[in-house]
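Asker: Chain by chain, the residues:
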Amino acid sequence: MCLAVPGKVVAVEDGSDPLTGLIDFGGVRKQACLEYVPDVRVGEYVIVHVGFALQRLDEESALASLQLFEELGLLEEEFGDAWQQAAREAGEPAPAGAPESGSEAR
Amino acid sequence: MKYIDEFNDPELARRLLDEIRTTATRPWALMEVCGGQTHSIIRHGIDQLLPEQVELIHGPGCPVCVTPLDVIDKALEIAARPEVIFCSFGDMLRVPGTDRDLFRVKGEGGDVRVVYSPLDALELARRNPDRQVVFFAIGFETTAPANAMAVHRARREGLGNFSLLVSHVRVPPAIEAIMTAPACRVQGFLAAGHVCSVMGTAEYPGLADRFGVPIVVTGFEPLDILEGIRRTVRQLELGEHRVENAYPRAVRDDGNPAAVRMIEEVFEVTDRNWRGIGPIPASGWRLSEAFRAYDAEHRFDVAGIRTEEPAECRSGEVLQGLIKPTECAAFGTTCTPRTPLGATMVSSEGACAAYYLYRRMNAPATQGARPAAEEMNPVA
Ligand code: SF4
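Each protein sequence line maps, in turn, to chains D and P.
Count along the first sequence from 1, add 327, and you get the number used in our numbering.
Count along the second sequence from 1, add 102, and you get the number used in our numbering.
Since the hints were derived computationally from the structure, they do not count as laboratory data.
Even glycine gets a Cβ: it sits at the ideal position worked out from N, Cα and C.
Just so you know, not all the hints are guaranteed correct.
Label-pair restraints from in silico Cβ distances [as the list claims (entries may be wrong)]:
id, chain 1, residue 1, chain 2, residue 2, range
1, P, Thr-436, D, Arg-356, 38 to 44 Å
2, P, Glu-259, D, Ala-338, 23 to 29 Å
3, P, Asp-107, D, Pro-420, 55 to 61 Å
Below, a sample of chain P positions facing chain D; criterion: calculated Cβ distance under 8 Å [stated by the list, open to error]:
id, residue
4, Phe-191
5, Pro-220
6, Arg-440
Throw the hints in and build the complete structure from the sequences for me.
Answerer: Here it is in structure tokens:
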């Protein structure tokens, strides 16, 4: 989680509070808060950490980073099912009631 | 040159390595601060590709690893309460407390939820007004703007059932602690790119001057790391100690001013204990006076919990670069990612886990072998 993942802004919800947009991380799409990069436009790349865009990034570096993250398995770690991962590491089944997706509320 | 073909530009990697090789005339020890850099270095065998004179020491930049044991125990205590929905990033689930972890608390009936963003925890608080929602706010400067925003909005909305268990840490005081430790061998730093994308570079020139060390802001991709090493070694050979930004595509000198403003409004600097290292003055943040009502430690009265770390775990020395993980007697025997003794074995960003994952067990036959996919964080 100390890495920030680059993604492409595919939609900005104008007038949302906090300012929110839809970001594409090499196929995985997630909402992110854009309050810290308020003038970002659709089509630009940003670095996103725990649901917050922190800086812009050029397309070439963004795509290179995404490829590396894919290779390192970090996209799976960031967006995959954390309970299944933890269960695998513990050598036990995932606890009852744990959701299938890695993210709760959205 | 086992791994070099895996670089996305092997030619450039070769050129950078050649230049490092011809530049380095003496032994130099550099520390990469960020756990993501450690992961990338071990995965790509960068430390093994470097000329012998250049040694990399793995720094403390993994938030999961440095979160102290007593904070984990506080989290477990709060998470086990029936009225609480405890929200955490997924990589905290398996960090061992004194006798269990969050994964186990969930198995025993605690309502532990994994969230992607602190705003998800805030949304859970809105939807569950009759429950107490607690978010485990750990991390470095990169995570702080998100956590600050969550609690800022909670106060604005008057949400009485939301709070943070805060264990935020800051990099510059850690650099200072490393440099003032009697056994310190570090001569230059690769600073953490994403921390600087928030904070900028203003905190570093004072450190570079005071300790006479080059500090080069570095990304985490293999080529970024090689470039960071090249620039650090060049400064060292020239007897210079400046702050350089080798990651300008993501780091502006002033960082992200809006994010910094939010951090400064919500948090104030405090002393923090680092797992394995101990207390470092001014090395963290806690909620400032105006937001103290949102502090889970006080709301659930767990501030008094104190715990000792297991004596056989040498993660403190690992985190300070004093030993390599393989020099710990427990490494790979009583301590594995499945049965971790210290947090540096739990998170894949931790040095012990990175060594284990990529089979750096000083056994030539297995060096460079691929990670056992089932062990942890399998590559999709
Ligand atoms: S191998 Fe395990 S016990 Fe040894 S220092 Fe690393 S985490 Fe601690």
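Asker: It remains to establish, for every hint, whether it holds in the given structure.
Answerer: Structure-based check of all given hints:
1. Evaluation of the 38 to 44 Å hint for P:Thr-436 and D:Arg-356 yields a pass: the beta carbon distance comes to about 42 Å.
2. Between P:Glu-259 and D:Ala-338 the CB atoms are about 25 Å apart, so this pair conforms to the stated range of 23 to 29 Å.
3. A hinted range of 55 to 61 Å is violated for the C-beta pair P:Asp-107 and D:Pro-420, which are about 39 Å apart.
4. Checking P:Phe-191 against chain D by beta carbon gives a least distance of about 5 Å; that is within 8 Å, so the hint holds.
5. Here the hint on P:Pro-220 is kept, as its CB sits about 7 Å from the closest CB of chain D, short of 8 Å.
6. The beta carbon of P:Arg-440 is positioned within 8 Å of a beta carbon in chain D (closest approach about 6 Å), and the interface hint is therefore held.
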